[in-house]
Amino acid sequence: MPSIAENFFGFIGRKTLLLLKDLNYASILINDTFYWAFISPFKGKAIRVRVTISEIVKVGYNSVPIVAVIALFIGIILALQAAYQLKKVGALIYVADLVGVSLTRELAPILTAIIVAGRSGSAFAAEIGSMKAAEEIDALVTMGINPVRFLVVPKLLALLIMLPALTVLADFIGILGGFLLAITELEIHPYNYFQQTLNALVMNDIVTGLIKAMAFSVIITIVGAYHGFRVEGGAVEVGRHTTASVVTSIFLVIVFDLFFTTMFYFFT
Amino acid sequence: MEKAIEITGLVTHYGEIEILKNISFSISRGMTTVILGGSGCGKSTLLKHLIGLLKPTVGSIRINGQDITAMKEGELDEVRKRMGVLFQGSALLNSMTLADNVALPMREHTKLEESTMQIMVRMKLELVGLSGFEDYYPSQLSGGMKKRAGIARAMALDPEFLFFDEPSAGLDPVTAAGIDELILKLKKAFKMTFVVVTHELPSIFTIADYVVMLDFGEIIFSGTLDELRASDNHRVRMFLERKPEKEVYSPEDYFRIIAGD
Numbered sequence: 001m002p003s004i005a006e007n008f009f010g011f012i013g014r015k016t017l018l019l020l021k022d023l024n025y026a027s028i029l030i031n032d033t034f035y036w037a038f039i040s041p042f043k044g045k046a047i048r049v050r051v052t053i054s055e056i057v058k059v060g061y062n063s064v065p066i067v068a069v070i071a072l073f074i075g076i077i078l079a080l081q082a083a084y085q086l087k088k089v090g091a092l093i094y095v096a097d098l099v100g101v102s103l104t105r106e107l108a109p110i111l112t113a114i115i116v117a118g119r120s121g122s123a124f125a126a127e128i129g130s131m132k133a134a135e136e137i138d139a140l141v142t143m144g145i146n147p148v149r150f151l152v153v154p155k156l157l158a159l160l161i162m163l164p165a166l167t168v169l170a171d172f173i174g175i176l177g178g179f180l181l182a183i184t185e186l187e188i189h190p191y192n193y194f195q196q197t198l199n200a201l202v203m204n205d206i207v208t209g210l211i212k213a214m215a216f217s218v219i220i221t222i223v224g225a226y227h228g229f230r231v232e233g234g235a236v237e238v239g240r241h242t243t244a245s246v247v248t249s250i251f252l253v254i255v256f257d258l259f260f261t262t263m264f265y266f267f268t
Numbered sequence: 269m270e271k272a273i274e275i276t277g278l279v280t281h282y283g284e285i286e287i288l289k290n291i292s293f294s295i296s297r298g299m300t301t302v303i304l305g306g307s308g309c310g311k312s313t314l315l316k317h318l319i320g321l322l323k324p325t326v327g328s329i330r331i332n333g334q335d336i337t338a339m340k341e342g343e344l345d346e347v348r349k350r351m352g353v354l355f356q357g358s359a360l361l362n363s364m365t366l367a368d369n370v371a372l373p374m375r376e377h378t379k380l381e382e383s384t385m386q387i388m389v390r391m392k393l394e395l396v397g398l399s400g401f402e403d404y405y406p407s408q409l410s411g412g413m414k415k416r417a418g419i420a421r422a423m424a425l426d427p428e429f430l431f432f433d434e435p436s437a438g439l440d441p442v443t444a445a446g447i448d449e450l451i452l453k454l455k456k457a458f459k460m461t462f463v464v465v466t467h468e469l470p471s472i473f474t475i476a477d478y479v480v481m482l483d484f485g486e487i488i489f490s491g492t493l494d495e496l497r498a499s500d501n502h503r504v505r506m507f508l509e510r511k512p513e514k515e516v517y518s519p520e521d522y523f524r525i526i527a528g529d
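Residue numbers (my numbering), protein chains in the order written: chain A, 1 to 268; chain B, 269 to 529.
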């Protein structure tokens with residue numbers, strides 16, 4: 001009979017080994033994805049352009065309505081919350097600064113990433129997972145087709161283009177939301193609000209938001225693909241990994257957001 | 269007979285459990301070799317090793333003299349272009365039409381004109397009796413038609429080797445007989461080496477030239493059909509005469525059996 005101590009250390013050891021295995025698998029996937037996306041095209045293995053375009057439509061164009069509506073509401077909410085505090089000190093015009101800066105630097109990238117993680121990250125995991133369950137991935141391998149190049153690279157490229165684009169859209173619509181509230185409820189003159197926003201924003205605000213969006217697109221693709229490829233067996237596994245992919249990618253998006261925001265705080 | 273595939277000393281594990289125990293046999297060129305055995309005997313695992321999806325713990329698999337167990341992915345892809353595989357569930361890509369499915373290996377590995385590819389796709393589909401179904405999606409087809417389409421895709425690059433994983437699994441006897449007939453037709457028309465994994469008795473006697481029988485990860489029989497019929501091995505007889513196992517397994521017994529204790 002193993003003692004309690006042996007059981008305890010055995011438990012820690014097994015968990016650590018499992019974690020290392022997962023990390024190993026994830027790093028192989030990241031390595032493969034970047035190789036097939038950015039190195040192999042120069043060695044004559046073309047990227048699947050048509051599929052990439054259809055992914056762009058799926059992950060980008062089809063997300064426009066939901067991103068737009070949420071950005072508009074968040075803009076209005078931000079303006080209301082800011083006004084609640086600022087009117088006490090008679091500085092209502094600074095609503096424009098607050099809405100503009102917090103949206104472009106922070107809220108637009110992270111909200112867009114969370115929406116896209118929920119929409120597309122889960123779809124990636126479900127698509128790849130059900131292909132794994134139906135031996136379609138094995139079939140690709142036996143045809144001499146690399147599944148990462150075939151499935152993951154178009155998704156990565158689509159998100160690398162569309163997540164920043166959606167973020168810019170969210171920037172504009174969110175600011176529009178704040179603007180609409182300001183000129184009606186807060187009775188700020190439209191021109192003043194417009195000028196105030198322009199003065200508050202610097203190029204850096206938008207650029208840091210876009211850098212974040214690029215990083216988030218890598219996270220969402222890799223996490224979705226990782227969970228898809230980890231499916232072993234049937235439909236229950238596909239469901240489990242789909243859920244896990246959303247939770248993991250939202251978690252990692254926030255972790256990396258913290259990291260980037262800290263970096264930008266100290267170095268810009 | 270010239271040996272196309274030679275398997276020597278193949279041992280493989282799932283975790284701690286030994287699935288294949290020192291398997292050695294060879295597959296002759298231009299013949300149909302059937303790998304036979306009950307459920308869970310390791311025959312599908314063996315097939316996955318032959319097509320390079322799994323790597324063995326020890327042992328070698330030589331295809332045309334090259335050891336595929338020692339190859340890197342890139343080299344292995346070159347060997348795979350000369351293989352066609354029909355998976356148990358056909359494994360057609362559900363997001364593509366039949367024509368695109370069959371054209372996929374050509375698109376990826378050749379520089380043929382689109383129009384040439386269309387003609388070849390039509391020829392391959394006609395070969396398996398599916399002409400006119402170019403624009404159908406796999407979900408719109410019956411099980412038997414999916415298998416036929418899977419065969420058409422496996423043949424897309426005119427392979428030297430064609431592997432079948434349970435071609436008649438999940439099909440009614442009539443459809444299954446149709447698939448067997450198709451295999452015979454292909455065998456007559458093309459000089460290919462066929463490897464079929466199955467447990468269906470009628471189809472073994474229709475298509476096989478040579479039979480290898482696995483039982484709990486070991487080869488218990490290899491020889492021609494006549495030798496199979498004449499075999500007096502107890503396990504072979506049970507299989508041929510469809511005799512049930514005497515006892516019901518408990519999970520512990522089951523693991524003991526596949527672990528070989």
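Keep in mind the hints are simulated off the structure, nothing from the lab.
Every value quoted in this text rests on a predicted model; they were computed, and no experiment measured them.
Every residue, glycine too, gets a C-beta built ideally from N, C-alpha and C.
One should not assume that every hint holds.
Said to hold, decoys possible - Negatives, chain B to chain A, calculated, CB over 10 angstroms:
id	residue
1	G320
2	E346
3	K349
4	G357
5	L360
6	L361
7	L372
8	P373
9	G397
10	F489
11	E495
12	N501
13	M506
14	F523
As the list claims (entries may be wrong) - Using 27 angstroms as the maximum straight-line C-alpha spacing, the simulated DSS-like pairs for lysine-lysine come out as follows:
id	chain 1	residue 1	chain 2	residue 2
15	B	K453	A	K43
16	A	K21	B	K340
17	B	K289	B	K271
18	B	K271	B	K511
19	B	K379	B	K323
20	B	K271	A	K45
21	B	K511	B	K289
22	A	K21	B	K459
23	B	K349	B	K511
24	B	K349	A	K45
25	A	K45	B	K289
Exercise. Which numbered hints does this structure break?
Worked result: 1, 2, 3, 4, 5, 6, 7, 8, 15, 18, 19, 20, 22, 23 and 25
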